[in-house]
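Number of protein chains: 2
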Amino acid sequence: MRWARFEQNGSPAYGVVEGDEIIPVRGSPFEMWERTAARLPIASVKLLVPVVPLTFYAAGLNYAEHVREAAEKLGLKVELPTAADAGYRANNALIAQGEAIVIPEDATEQVQYEGELVAVIGRKCKHLARENALSAVLGYTIGNDVSERTWQKSDRTLWRAKNTDTFKPMGPWIETNVKLDELVTRVRLNGEERSVFPTNHMVFGVVDFLVAMTKYLTLYPGDVLWMGTEGATANMKHGDVCEVEISGIGTLRNPVVRAS
Amino acid sequence: MRWARFEQNGSPAYGVVEGDEIIPVRGSPFEMWERTAARLPIASVKLLVPVVPLTFYAAGLNYAEHVREAAEKLGLKVELPTAADAGYRANNALIAQGEAIVIPEDATEQVQYEGELVAVIGRKCKHLARENALSAVLGYTIGNDVSERTWQKSDRTLWRAKNTDTFKPMGPWIETNVKLDELVTRVRLNGEERSVFPTNHMVFGVVDFLVAMTKYLTLYPGDVLWMGTEGATANMKHGDVCEVEISGIGTLRNPVVRAS
Numbered sequence: 000m001r002w003a004r005f006e007q008n009g010s011p012a013y014g015v016v017e018g019d020e021i022i023p024v025r026g027s028p029f030e031m032w033e034r035t036a037a038r039l040p041i042a043s044v045k046l047l048v049p050v051v052p053l054t055f056y057a058a059g060l061n062y063a064e065h066v067r068e069a070a071e072k073l074g075l076k077v078e079l080p081t082a083a084d085a086g087y088r089a090n091n092a093l094i095a096q097g098e099a100i101v102i103p104e105d106a107t108e109q110v111q112y113e114g115e116l117v118a119v120i121g122r123k124c125k126h127l128a129r130e131n132a133l134s135a136v137l138g139y140t141i142g143n144d145v146s147e148r149t150w151q152k153s154d155r156t157l158w159r160a161k162n163t164d165t166f167k168p169m170g171p172w173i174e175t176n177v178k179l180d181e182l183v184t185r186v187r188l189n190g191e192e193r194s195v196f197p198t199n200h201m202v203f204g205v206v207d208f209l210v211a212m213t214k215y216l217t218l219y220p221g222d223v224l225w226m227g228t229e230g231a232t233a234n235m236k237h238g239d240v241c242e243v244e245i246s247g248i249g250t251l252r253n254p255v256v257r258a259s
Numbered sequence: 000m001r002w003a004r005f006e007q008n009g010s011p012a013y014g015v016v017e018g019d020e021i022i023p024v025r026g027s028p029f030e031m032w033e034r035t036a037a038r039l040p041i042a043s044v045k046l047l048v049p050v051v052p053l054t055f056y057a058a059g060l061n062y063a064e065h066v067r068e069a070a071e072k073l074g075l076k077v078e079l080p081t082a083a084d085a086g087y088r089a090n091n092a093l094i095a096q097g098e099a100i101v102i103p104e105d106a107t108e109q110v111q112y113e114g115e116l117v118a119v120i121g122r123k124c125k126h127l128a129r130e131n132a133l134s135a136v137l138g139y140t141i142g143n144d145v146s147e148r149t150w151q152k153s154d155r156t157l158w159r160a161k162n163t164d165t166f167k168p169m170g171p172w173i174e175t176n177v178k179l180d181e182l183v184t185r186v187r188l189n190g191e192e193r194s195v196f197p198t199n200h201m202v203f204g205v206v207d208f209l210v211a212m213t214k215y216l217t218l219y220p221g222d223v224l225w226m227g228t229e230g231a232t233a234n235m236k237h238g239d240v241c242e243v244e245i246s247g248i249g250t251l252r253n254p255v256v257r258a259s
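Top line first, the protein sequences correspond to chains Z and E. Going by numbering that gives the first Met the number 0, 108 is the number at position 109 of the first sequence; the sequence numbering is gapless. Going by numbering that gives the first Met the number 0, 48 is the number at position 49 of the second sequence; the sequence numbering is gapless.
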């Protein structure tokens, strides 16, 4: 099942995606819901970010090759993470399918994509065990963890490097029927494939994070956990279109503009 | 004016505090509101956290003496921050006036208070100038940035060190009539004063942060910015009561228990 969030008469609404149509529901996937009789062509609606989380978690460095690449870029020693220590991103930066990634005037050329799997929490939970951890996940969507590399290197925190407005595209929808081990992530810039990797080849997987996190933290419906990216990343510039595709989920597509 | 958020018939409601009474309003301080005819004794209501932010910002190290103390504890070089780089805390950890700070079973003895001024954003804003930055602030409340020091030192991020459930007491209410330079922060453990400092003697002040942040980030009504703490902090243990008082705002009071 595929859940989209979209604008209906100026307010957010949820709907079930079937083929190229959306069936609006009353309610939301996080509580009670029922289908309405309507069917809308997806192409006719404005998609919104699939959820605005209460807390926005991110695995950060979580793929072996990307850890090596990142360490080289930042001039640091290569150190694979030894525990599933979650970090954070910020809601102000979220944008939806089709919205523009806006590079600030004073950013360098080094504004790069990071294609990521995103787990969307479906229910309030704490103290998850490995056996039942995935039952807390409603489904999966796609994130692009856009990053300004010089700020990432120079600033004390990642606030503007990763959370500048528009730097967190997420969508296009939430897919509930996912086999993690079969997923493949592909990142394309202007239609050209720049990166391809088996999505689930993480240092710490979704279950590892959920079990570690919920030992101390309560997760709430709609919380999201971005799982990190693999390999090298490249610069995006004004006029580019960046696509992150994860097989079986969909394609998150965003144009890039530079503010002037 | 003093804004409290409290539980009314099982739902959150806002009210204006006058003396030891709350006058419930229809609406909220972030939008339209009007007083109702009711008056409730504060002692008769359950206070809630004054706001649940869309994004939860924190200045982190932002007072000279605390930077020295923290560097010593973590075995690092003393380096005053050179820019107003905001960090983040997480909504799962928020608790209200009177609720218990729960120390996890496997935490060390080094679970410490940090008394902080909290600026509450009143309106959507970007590109604030120094002259008008404070007009974006609805008012101020108090935070206790509870921290487990060994996790703060050992983990790659601050997730459990600072965002374990119950580690972010905030309240008791939002005071809109504040003269920053006159504020004094006092932290008491079991009634004994452990720390006292001029609240506004920060490395980077509220205006510095708001101007720096809104160059890249849109702030939204209800976003909070915790301003950091000064001086040494001390361990809290089961049975303690921790109070953070900021003159002219109020006193945030929370008991401490250890999970078993």
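Hints were generated in silico from the structure; no laboratory data involved. Careful, some of the hints might be misleading.
Claimed, not checked - Derived, one-sided and incomplete: chain E residues facing chain Z with beta-carbon distance under 7 Å:
#1 Ala85
#2 Trp158
#3 Arg159
Don't be surprised by glycine CBs; every beta carbon is placed ideally from N, CA and C.
Using 7 Å as the Cβ threshold, decide whether E/Arg159 counts as touching chain Z.
-> Where the cut-off is 7 Å and the nearest Cβ of chain Z is about 4 Å from E/Arg159, the hint holds.
Please verify that hint: E/Trp158, Cβ, nearest Cβ of chain Z, below 7 Å or not.
-> This hint holds: E/Trp158 lies near chain Z, its Cβ roughly 5 Å from the closest one there, short of 7 Å.
Status of the hint placing E/Ala85 at chain Z (closest C-beta pair under 7 Å) = Hint on E/Ala85: holds, closest Cβ of chain Z at ~5 Å, below 7 Å.
Checked against the numbered hints above, the structure breaks none of them.
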